[in-house]
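Use these hints to put chain S onto chain Y, whose structure you have.
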Amino acid sequence: MNPKRVLAVLFAVLLVSSASFVVDVGADRPAPVPFEDTITMGMTAAATVQAEERGVEVPRAEVFYSQYRYVVGYHGVASLADELGREGHARQFGTPLAIYVSDYANADLNVTDEGLFRISDAPSTYEGWVAAEDAHFVVGSRARTPAGEAVVPFSDRSVAESFAAEHGGTVRDWDAVRSNSFDTGAATGEAFRAEVRAQHEWADRQVANATALLDRPVSVVVGEDAPTLPAAVEAAPPNTTVRVPAGTYDVNATGDGSLTVDKPLTLRGAGNDTHLRGDGNGSVVTATTGRVAVADIRISGVGDTFSDENVSTDQGDAWDYRVQLGYGYGDAGVTLDSANGSLVRNVSVDTPANGVVVRWSENAVVDGVTVNGSDDWTDGFMGVMVMRSRTVVQNSTFVGGRDGVYTHLSDGLVVRDNRMVGEGGMRFGVHEMYTSDALVADNAVTGASTGVVVMTRPNGNLVVGNHVRDSYAGVNVAGRASYVAENVVVDNHYGLEAPSQTSIYERNVVVENDIGFRASSLIPTNRVVENDFVDNDRYVTASLGPLRVWTADGRGNYWDDAPGSDAGGDGVLDRPFQPSGPVDSRVGDTPGAATLANSPSLTAIRALQGAVPGLRPTGVVDEAPLADPVRPAVVDRAAGANGTETTETDATAVPDGDANATEMTAVGATGIAPMEGDA
Amino acid sequence: MNRESVDRLLAVAGRELATVVRTRAFLALAGGFAVVVAALAWTAGAVGYVPLVLDLLTPVEVLVPALALAFGYRTVLGDAERGELDVIRTYPVSRATYVLGAYLGRAAALLVAVIVPLSAVALLVPLFGGVGTTVVASHAASDSPVLYLRFVVLTAAFALVVMAAAMAVSTNARSSRAGVAVAVTLGVALVVGFDAGIVAGLVGGVVPEGALELALGLSPNSAFRGLVLESVVGGVAGAPSTSPVPSVLGLLAWLAGALAVATVTVWSGERR
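Those protein sequences? They're chains Y and S, same order as listed.
Using this note's numbering, read the first sequence as starting at 15 and increasing by one per residue.
Using this note's numbering, read the second sequence as starting at 8 and increasing by one per residue.
Excised from the complex, chain Y in its bound form (with noise of 0.2 angstroms):
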């Protein structure tokens, strides 16, 4: 056999390949692309829809990653350079290979009087893309978005400089804007809980401030001083207590539409036995001014209207003016307009609409209501309907009605320790809409559609210590920068749901569920360690973005049937868990996935896998799976409580082969409006 042939084409083969050592891959830079065609991140629904509406620019960028093969777009170039400097940020997404950010060197920019950013839509003005690397920045000038500074880039220098000498500022490169820091980006967990603590005083505040309401002195008895309920309230001096004995008081009977309160007082009843009966037309009780207080009434009688068409207010230029006539204007047991600072105590309320509706009114508190809604939730409403006010619910119980709680536009409300009984019928248990910072803790949500849910993209929301059973889905949190901990969800069809981004997942308790965690962002930049996995048909699934690293420090979370031994003694399991893998996800349930799971070859394969997450197909691995529960004690209780249920959920359980099929037909059965379109 003549050798020459194939060992020249092997020695030929051999040396052009070598050729791959000489070229320098990545060299060239790929082209922008529209901003359209990104992943976005960087800004809130209500901050985006409020810059749009107004006009306002602002700056964005775009990148290019080594790891990640989507281009990522960033609304606003503070929020890139604090993404940029985020914690696990690079483990996830490699190293930027370009970036692009907007370039106002040709445009026509202004600055209004309030300092908001403007461009104007003259034809001989545009916006283009400039390097990052080439750009001049300027930073802490007066231009502001709704998310805060405005960095501004420009191509030209002279440009940037005259816009510094106009607006204020300094013009700096991309190296110094990208080390400082905006406090766009999310918070460590220790931040956070500081932010629940936080939170938690702030509502004590409120409520040791409203429940002094109930030591005014009386100075009207309905029956005895007054005829009626109306003319009590009419006869009432301000700061006083009209009292309501035990006995059925008609109250839309004197003909006047609901009762009024228009000055501070505090109006309360006997119990259960002082009963405020409506003609079923309409709110039962209004109030209309600061520091009132309902306490201690059973009403029922409530009208059915949900959204008021002919309600007029002066918001009409507002951009959420849809959403707010909406939401805010239904009919309830007690409405609270414009009352800053009042109290709803110990009220229950039958109603076919909302239990309580609170519209601007800040600081108020609504603490051990009762709402008993329609058995359906496309009957009724809401029990608490929260809009454009920061206050606290509290101590309550919903049953049945469309969701529990449902604020809109209330940044910074605190929902706390509340019972949500669903029966199958409720469609949440708390939702919010357009609000951020707000603290959703230690809620009990059973038979809902989904337990807690944040929609909208908003910003820092804390959701923790609530328990989700029974229900299709338990905590939804969407948007940015949030902390969910402390959650326990049993025997739901979806444990947690994560939509958000760069948000932290830690400490809860996932147990007994068909579905762990759902991880459906395109984006993974949520931080999700330390939680505990037990008793779920299947851990997780992920049908979209790459491959997710849930390891943070050297610590995962615990996954029951994760195999591997703890050699080192560190509670940490040597071998990496891919909870979505096609053998790690057997094996608890399928006899021989343990045993397939321990193979040599199998983890040798897998040691290099976490290396490129951005270049793996989708799914969760965790690289320090966690040897013991985090909270034993929790996770046992949450497991033996559920134990006679578990055979009922496995019959109705939806068989998984595609996550988003599910979530369809679901949507359909249910009639769930879908997410984020729900205003």
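Please note: incorrect hints may appear among the correct ones.
When the alpha-carbon atoms are kept at most 25 angstroms apart in a straight line, the in silico SDA-like pairs for lysine to any residue are as follows [as the list claims (entries may be wrong)]: (1) Lys18(Y) / Gly21(S); (2) Lys18(Y) / Val123(S); (3) Lys18(Y) / Val28(S); (4) Lys18(Y) / Leu92(S).
These are computed hints drawn from the structure, not numbers from a lab.
On a predicted model such as this, the values are computed, not experimentally measured, just so you know.
Coordinates of chain S only, in the frame set by chain Y:
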């Protein structure tokens, strides 16, 4: 080397190639390797070239030495056992020409068996890879077929080194049984032994931390792995970079040393 000895070299190489092609066991081994590589690549769901390299690196590190030793350990041994070596020694062939020629022939066959399946599975990436959506703008990130090509070249070089070691086994073993035993021992040493030794040395303080890079160069598997991680994954994962020089020198030393040992030990004394 003059033209005559080149012709002799090629004649020996041709003879070895013919032997390999005619031996069904080699075809079965090569086929087995190809099937394993294909299966691994397929089940890994390769969405990019760099992940594919990472998926194949460990299996290749184990399988290529096995394949090379299987292809090579009987090269000279077989000739000696059948008495053909005595015949060859009557020809005007120097020890170096015989060993090098035999090496070239076997190595050529091995390279075909290694390069073809590795190159073939790379096609899975353009065929089935990508990012799974067209809604969002995507790009190649740091991924590139060039990086995969580097992996193939490095694997070929690694195969050549282990094949040289197999030659040394085949010239030293006195019987088939001894040959198998030595080949298996060498295989285990390559895959486990040398690295375990370095770990032990590091623990015992024999290998100082500063010399770790050099020590890794002495183990062909570590040298190969280091070069792949450095030249293929290094730019992507951003791990602390190691110098490729000790690894390259280590592999070259193994290649030259093993061939020299084989040449010296293939036969001794005057031509009979």
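- Message: To test your reading of the hints: which numbers does this structure violate?
- Response: Checked against the structure, no hint fails, so every one of them is satisfied.
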